[in-house]
Amino acid sequence: MTTETGKIWLPALKHASITLAIAALLLATIYSVAFFKFHPEFERFNHPDAQPVSIPGKLFKPVVAGGGGIQDNSVIITDFADDKAIIAVPTRFRAEDYPFLKVEMKGLTRFTNARVFWRLASNPEEVYSLPLNRSGDEVTQVAMVYGGDNYKGTVTELIIAFFDGPALGFSNNNEVDIVVGGIELISLGATAVVEQIYEDWFNPPLWQGYSNNIVRGIHENGMIFPNLVLNILVTLSTVVLLTVKYCLPTPWRANLNIAPTVLVVISLCWAMGDVLRWQWRIEQFIDTRERYEGKPLEERIRNNPIRCARFPEDCRADLLPYF
Numbered sequence: 019m020t021t022e023t024g025k026i027w028l029p030a031l032k033h034a035s036i037t038l039a040i041a042a043l044l045l046a047t048i049y050s051v052a053f054f055k056f057h058p059e060f061e062r063f064n065h066p067d068a069q070p071v072s073i074p075g076k077l078f079k080p081v082v083a084g085g086g087g088i089q090d091n092s093v094i095i096t097d098f099a100d101d102k103a104i105i106a107v108p109t110r111f112r113a114e115d116y117p118f119l120k121v122e123m124k125g126l127t128r129f130t131n132a133r134v135f136w137r138l139a140s141n142p143e144e145v146y147s148l149p150l151n152r153s154g155d156e157v158t159q160v161a162m163v164y165g166g167d168n169y170k171g172t173v174t175e176l177i178i179a180f181f182d183g184p185a186l187g188f189s190n191n192n193e194v195d196i197v198v199g200g201i202e203l204i205s206l207g208a209t210a211v212v213e214q215i216y217e218d219w220f221n222p223p224l225w226q227g228y229s230n231n232i233v234r235g236i237h238e239n240g241m242i243f244p245n246l247v248l249n250i251l252v253t254l255s256t257v258v259l260l261t262v263k264y265c266l267p268t269p270w271r272a273n274l275n276i277a278p279t280v281l282v283v284i285s286l287c288w289a290m291g292d293v294l295r296w297q298w299r300i301e302q303f304i305d306t307r308e309r310y311e312g313k314p315l316e317e318r319i320r321n322n323p324i325r326c327a328r329f330p331e332d333c334r335a336d337l338l339p340y341f
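Residue numbers for the sequence shown follow our numbering, so the first one is 19 and each next one is one higher.
Some hints could be false.
Unchecked claim - Simulated restraints, written as ranges between beta carbons of each label pair: (1) G87 / E238: 32 to 38 Å; (2) I304 / G84: 23 to 29 Å; (3) L31 / D167: 47 to 53 Å; (4) K124 / G171: 17 to 23 Å; (5) I40 / D292: 20 to 26 Å; (6) Y164 / I40: 14 to 20 Å; (7) L266 / T174: 54 to 60 Å; (8) A99 / Q69: 32 to 38 Å; (9) S50 / E238: 21 to 27 Å; (10) R307 / Y264: 49 to 55 Å; (11) V145 / G87: 20 to 26 Å; (12) L31 / E213: 30 to 36 Å.
Unchecked claim - Result set (DSSO-like, lysine-lysine): computed pairs, CA atoms no more than 27 Å apart in a straight line: (13) K79 / K102; (14) K170 / K79; (15) K102 / K76; (16) K102 / K263; (17) K313 / K32; (18) K102 / K124; (19) K55 / K170; (20) K32 / K76; (21) K25 / K263; (22) K124 / K79.
If you are wondering where the hints come from, they were derived from the structure by calculation, not from laboratory data. Each residue gets a CB set at the ideal place from its N, CA and C atoms; glycine is no exception.
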């Protein structure tokens, strides 16, 4: 880097970093103050005084399972029955007190899908559900608010279900035991919201039912897209720079160069977005390698979850030799 170049870009990097920090603080303040404007679906869950509730895994009873048992405070599933395992616990709480739910779990492999189901006192014959999203061999916090009107009133039962996915080369969670330590019901609060957004961003969906594998950036029930936040940060940073340059008497406005500083802000936001993208790419590479490495073509086709985005028996499995 030449001396002249350094005189332009080093101050630009310094100013961009400070401006981006100010923009992030502004955005966080605006988001927290106007949270219910951005997320009106959370209004009926505004009961921050509700105390968290923990339900230990040992209280769950098997509904469908090939094998398992209780170990300390956890329930262990060692085998599936008919490609599924289901455990349930009776409970009684008001849905509006707990917009978030977290399942303490270990051992979930990429070849098994999991969902949380619940039953309402107002309609005991029906059960409703939301997907549990993988994070390593665990699952992320669930924003139960996106159950909509199906998550309302008194909840009388919680159910966790595991299903073998379309990878026919694997079964029984790839022969790995699933340990469920319990469920935590979480009231609305800043910590829960931050954790939800963080886990949404760092655990995007790997495979979709699209020929070009479009990825939304977050799961279907995520709260806010990272690209939207990064674009807002660029806009706010530009506004802050223009305000400082032309409206405020500050000691560093004289050597504040708008164009290079904005370019550095854009580059920093792009880098933050690319960290998320590369994290997804690496995870998808690992997923692809585990599904297909060393397997013949027919088995690779069977193990492809986007071939029809459904279970093989619903997807013309009889035509597999000709795919």
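Results for each hint:
{"no.": "1", "hint": "G87 / E238: 32 to 38 Å", "in the structure": "holds, 34 Å"}
{"no.": "2", "hint": "I304 / G84: 23 to 29 Å", "in the structure": "holds, 28 Å"}
{"no.": "3", "hint": "L31 / D167: 47 to 53 Å", "in the structure": "holds, 50 Å"}
{"no.": "4", "hint": "K124 / G171: 17 to 23 Å", "in the structure": "violated, 32 Å"}
{"no.": "5", "hint": "I40 / D292: 20 to 26 Å", "in the structure": "holds, 23 Å"}
{"no.": "6", "hint": "Y164 / I40: 14 to 20 Å", "in the structure": "violated, 32 Å"}
{"no.": "7", "hint": "L266 / T174: 54 to 60 Å", "in the structure": "holds, 58 Å"}
{"no.": "8", "hint": "A99 / Q69: 32 to 38 Å", "in the structure": "holds, 36 Å"}
{"no.": "9", "hint": "S50 / E238: 21 to 27 Å", "in the structure": "holds, 25 Å"}
{"no.": "10", "hint": "R307 / Y264: 49 to 55 Å", "in the structure": "holds, 54 Å"}
{"no.": "11", "hint": "V145 / G87: 20 to 26 Å", "in the structure": "holds, 25 Å"}
{"no.": "12", "hint": "L31 / E213: 30 to 36 Å", "in the structure": "holds, 31 Å"}
{"no.": "13", "hint": "K79 / K102", "in the structure": "holds, 15 Å"}
{"no.": "14", "hint": "K170 / K79", "in the structure": "holds, 24 Å"}
{"no.": "15", "hint": "K102 / K76", "in the structure": "holds, 19 Å"}
{"no.": "16", "hint": "K102 / K263", "in the structure": "violated, 62 Å"}
{"no.": "17", "hint": "K313 / K32", "in the structure": "violated, 52 Å"}
{"no.": "18", "hint": "K102 / K124", "in the structure": "holds, 17 Å"}
{"no.": "19", "hint": "K55 / K170", "in the structure": "holds, 21 Å"}
{"no.": "20", "hint": "K32 / K76", "in the structure": "violated, 54 Å"}
{"no.": "21", "hint": "K25 / K263", "in the structure": "holds, 18 Å"}
{"no.": "22", "hint": "K124 / K79", "in the structure": "holds, 18 Å"}
When each numbered hint is compared with the structure, violations occur for hints 4, 6, 16, 17 and 20.
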